[in-house]
Each structure stands twice: as structure tokens, then as C-alpha cells.
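Student: Sequence:
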Amino acid sequence: WREPKMKKLLRYIAVLPIIAPFVIFVQVARIFVGKEKAVQLCAPGIIRIAKFFLGLAVPRIKTPADFDIFRRELKNKFWVLSPLFDFEVKEENEDLIKLNVRNCPFCELLSMAGMDEMNPHVCQGDWELAKENDKLWTFEREHEIGKGDTFCDHTYKRISS
Numbered sequence: 001w002r003e004p005k006m007k008k009l010l011r012y013i014a015v016l017p018i019i020a021p022f023v024i025f026v027q028v029a030r031i032f033v034g035k036e037k038a039v040q041l042c043a044p045g046i047i048r049i050a051k052f053f054l055g056l057a058v059p060r061i062k063t064p065a066d067f068d069i070f071r072r073e074l075k076n077k078f079w080v081l082s083p084l085f086d087f088e089v090k091e092e093n094e095d096l097i098k099l100n101v102r103n104c105p106f107c108e109l110l111s112m113a114g115m116d117e118m119n120p121h122v123c124q125g126d127w128e129l130a131k132e133n134d135k136l137w138t139f140e141r142e143h144e145i146g147k148g149d150t151f152c153d154h155t156y157k158r159i160s161s
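Reminder that position 58 of the sequence shown reads as 58 in this note's numbering, one-by-one numbering, no gaps.
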């Protein structure tokens with residue numbers, strides 16, 4: 001699977017203003033504290049932004065019994081992030097929904113800027129959102145674009161009572 005060049009370019013243009021301040025910060029701060037420390041300093045901001053974007057698409061539910069609503073709404077909210085990400089439902093049943101995300105313009109731009117060390121923090125945003133909802137559903141992932149995989153898998157599972 002290859003995304004069209006124009007689509008990729010537009011995604012990069014949309015994400016660049018979000019990523020650029022972090023890249024600039026790391027480039028300047030590394031002079032004084034080193035690259036590793038500079039990345040650590042901006043990690044909380046990257047995590048917050050990643051969590052925010054995922055939060056736009058991941059529906060809120062009140063109880064684990066609402067997981068059917070969660071699954072339906074998750075698919076209905078794809079359009080929110082579809083300008084930036086390509087999703088596909090890989091598996092779905094009454095107890096889970098597994099999505100594959102085939103691109104991440106955030107990680108791709110960070111890699112192009114020589115900032116691969118920041119990619120795990122982008123991926124951490126998913127886990128932070130999952131922690132906030134750990135009484136409602138569980139989250140699993142085996143593959144991450146930020147770690148060099150060609151896709152991210154997001155598996156949301158019903159919590160049994």
C-alpha cells in the first residue's frame with residue numbers, strides 16, 4: 001500500500017506547524033543540554049498533543065457495558081482523523097475492535113527531521129489515553145510506526161464484568 005504523493009504532502013503541511021516547535025526546541029536545547037535531555041524536556045508536550053489527536057476520534061463511554069456504542073462510534077469518528085491517517089478495521093466482534101493505522105505523519109516528519117528519538121513519545125499518547133479509560137476498555141498494541149513498524153495496530157477490548 002502506498003499513499004498518493006499529494007495526499008502525503010498535504011498531511012505533512014498540516015502536521016508541520018504542530019511538530020516544528022518541538023524540532024526547533026530540540027535543535028536549540030541540544031546545544032546546552034544534549035539531544036537526549038532536550039528530547040526528554042519536550043516529551044510531555046508531544047505526548048499531550050498525540051493524546052489530544054487520538055482523543056478526537058476515540059469516543060467517550062460511561063460504563064464498560066457501553067462498549068457496543070464505543071465500537072460503533074469509533075468507526076463513525078474515523079472521518080475526524082482521516083485527513084491525517086489511513087485506518088482499516090482488521091477485526092471486529094462484540095468484544096473487540098482492532099484497527100490498523102497505516103501511516104503517521106507525526107512520526108514520519110520527526111524521522112525526516114532526524115528526531116526518531118521523539119517518535120516513541122508520539123506513540124505514548126495512545127497509552128496515556130488508554131490509562132484514562134482503563135476502567136471502561138483495554139488497549140493493546142503490538143506494532144508501532146514510531147518503533148519502525150509499517151503500521152500501528154490499535155486493539156480495543158471490552159472489559160468483562
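If you are wondering where the hints come from, they were derived from the structure by calculation, not from laboratory data. Some clues are possibly wrong.
As the list claims (entries may be wrong) - In silico lysine-lysine, BS3-like type, Cα no more than 25 Å apart, as pairs:
hint, residue 1, residue 2
1, Lys98, Lys35
2, Lys157, Lys35
3, Lys62, Lys147
4, Lys7, Lys90
5, Lys75, Lys37
6, Lys157, Lys77
To be verified - What follows is a list of derived Cβ distance ranges for each label pair:
hint, residue 1, residue 2, range
7, Arg30, Asp66, 44 to 52 Å
8, Arg60, Met112, 15 to 23 Å
9, Pro44, Ser160, 27 to 35 Å
10, Ile159, Phe78, 18 to 26 Å
11, Gly148, Leu81, 19 to 27 Å
12, Lys75, Gln27, 16 to 24 Å
Using N, Cα and C, we set each Cβ at its ideal position, and we do this for glycine too.
Student: So which of the earlier hints does this model not fit?
Tutor: 1, 2, 3, 5, 8, 12
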